[in-house]
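Residue-level listing of the chains:
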Amino acid sequence: MSIADLSSAPVYTAFADQPLAAAAREMRARDVGALVVVDSRAQRPVGILTDRDIVRGQVERRADLHCLTVGEVMTPNPVTVPAAAALSEAIQTMSAHGVRRAPVVDRSGALQGIVTLDDLLPALAQQLSVLAGIADAQARQRHA
Amino acid sequence: MKVGALCRRQVVSISASAPVSEAARLMCEQQVGAVVVTAAPADSPIAVGVLTDRDIVRAQLDGAADLSQIRIADVMTPEPLVLSEDERLDEAVRRMRARGVRRAPVIGAGGALTGVISFDDVLAHIGRSLAALARLTERQSRRDDPATHQT
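Chains as they are written, first to last, in this note's numbering: chain A, 1 to 144; chain B, 145 to 295.
What the hints contain is simulated information worked out from the structure, not anything from laboratory work. Glycine included, C-beta positions come from ideal geometry on N, C-alpha and C. Heads up, a few of these hints could be off.
To be verified - Covered stretches of chain B, going by a simulated chain A footprint (3 or more residues, C-beta under 8 Å):
{"#": "1", "segment": "171–184"}
{"#": "2", "segment": "187–199"}
{"#": "3", "segment": "223–230"}
To be verified - Examples of chain B residues toward chain A, derived with CB under 10 Å:
{"#": "4", "residue": "145"}
{"#": "5", "residue": "159"}
{"#": "6", "residue": "167"}
{"#": "7", "residue": "210"}
{"#": "8", "residue": "267"}
{"#": "9", "residue": "276"}
{"#": "10", "residue": "280"}
To be verified - Pulled from the structure, derived: some chain A residues nowhere near chain B, Cβ distances all over 10 Å:
{"#": "11", "residue": "58"}
{"#": "12", "residue": "88"}
{"#": "13", "residue": "123"}
From just these sequences and the hints, can you work out the full model?
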């Protein structure tokens, strides 16, 4: 199973020069905790914007969200995961970089989706559950 | 395993009467996405809510953008799920799931706030158990491998 198969939710995007309040409204309308910031030509991820970035950006810049742009508060240079990556590769990459979510990109580096810890955990749990099924069946056989 | 054995004792908390700007500063300083909101008495505070970074942003979109003009009590999630230290971990996780929350304040026998437990803490705990189980099978398969037997 590759990451392209298990990144469930659609990805929503923003541009760095967009007003921060507009991005915050988009996040609320879509009920998501993050937007991927892309460059307008190649659709390459250039940053991630989360609720936490919005709060931190306002505190650090001593300005409210109506006076800031997405680019001023986003976390730039996001760690990305190739769409063809396996589950274990995505987990290794995200764990090594300490990120809970990563844009998924195609071979040209263009944004294809987003994968989060919340996608990875159920996929891993499913593998574990299948493995537990083997153990469980054999334990029952022994006791039969 | 009981909740009290796994929860964190350093609770990032703030008074319900403080302005949201203070909570935002605290969340940045402590690098957390949520704080427990408390009410008096100061020496054994009671958890009355949870405030997340998302609550803050959404409050700004609905009303005053100036964080110092918003009261925490008006925008927090009130009446949070509260877990007790002596509650079993599996039961606690079921209750978190039923309420759809990723973190919960923890209280001691007297009802005062003594900790906080999160999805991340429980995942780490399960991960440690799983890693221990994997080490066990790895050691045994090495022992069973004829190549490692001395002849």
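Status of each hint after checking the structure:
1. Here the segment 171–184 of chain B counts 3 residues with a CB under 8 Å from a CB of chain A, which clears the bar of 3, and the coverage holds.
2. Closer than 8 Å: that is the beta-carbon criterion, and the segment 187–199 of chain B has 3 residues meeting it against chain A, so the requirement of 3 holds.
3. With 0 residues carrying a beta carbon less than 8 Å from a beta carbon of chain A, the segment 223–230 of chain B misses the three-residue requirement, and the given coverage is violated.
4. Proximity of residue 145 of chain B to chain A is violated relative to the hint, the smallest CB-CB distance being about 19 Å (cut-off 10 Å).
5. With 10 Å as the threshold, the beta carbon of residue 159 of chain B stays out of range of chain A, its nearest partner Cβ sitting at about 18 Å, so the hint is violated.
6. At about 9 Å, the closest approach between the beta carbon of residue 167 of chain B and any beta carbon in chain A falls short of 10 Å, and the interface hint on this residue holds.
7. With a cut of 10 Å, the hint placing residue 210 of chain B at the interface with chain A holds, because the nearest CB-to-CB distance is about 6 Å.
8. Restraint check, residue 267 of chain B versus chain A: the minimum CB separation of about 7 Å is within 10 Å; hint holds.
9. Given the 10 Å rule on beta carbons, the hint for residue 276 of chain B is violated: about 14 Å separates it from the nearest Cβ of chain A.
10. The criterion of a C-beta within 10 Å of any C-beta in chain A is not met by residue 280 of chain B, whose closest approach is roughly 13 Å, and the hint is violated.
11. The Cβ of residue 58 of chain A sits about 7 Å from the closest Cβ of chain B, inside the 10 Å cut-off, so the non-interface label is violated.
12. Interface exclusion of residue 88 of chain A from chain B stands, the closest Cβ pair being 14 Å apart, more than 10 Å.
13. Distance to chain B confirms residue 123 of chain A as a non-interface residue, since its nearest Cβ pair spans about 14 Å, more than 10 Å.
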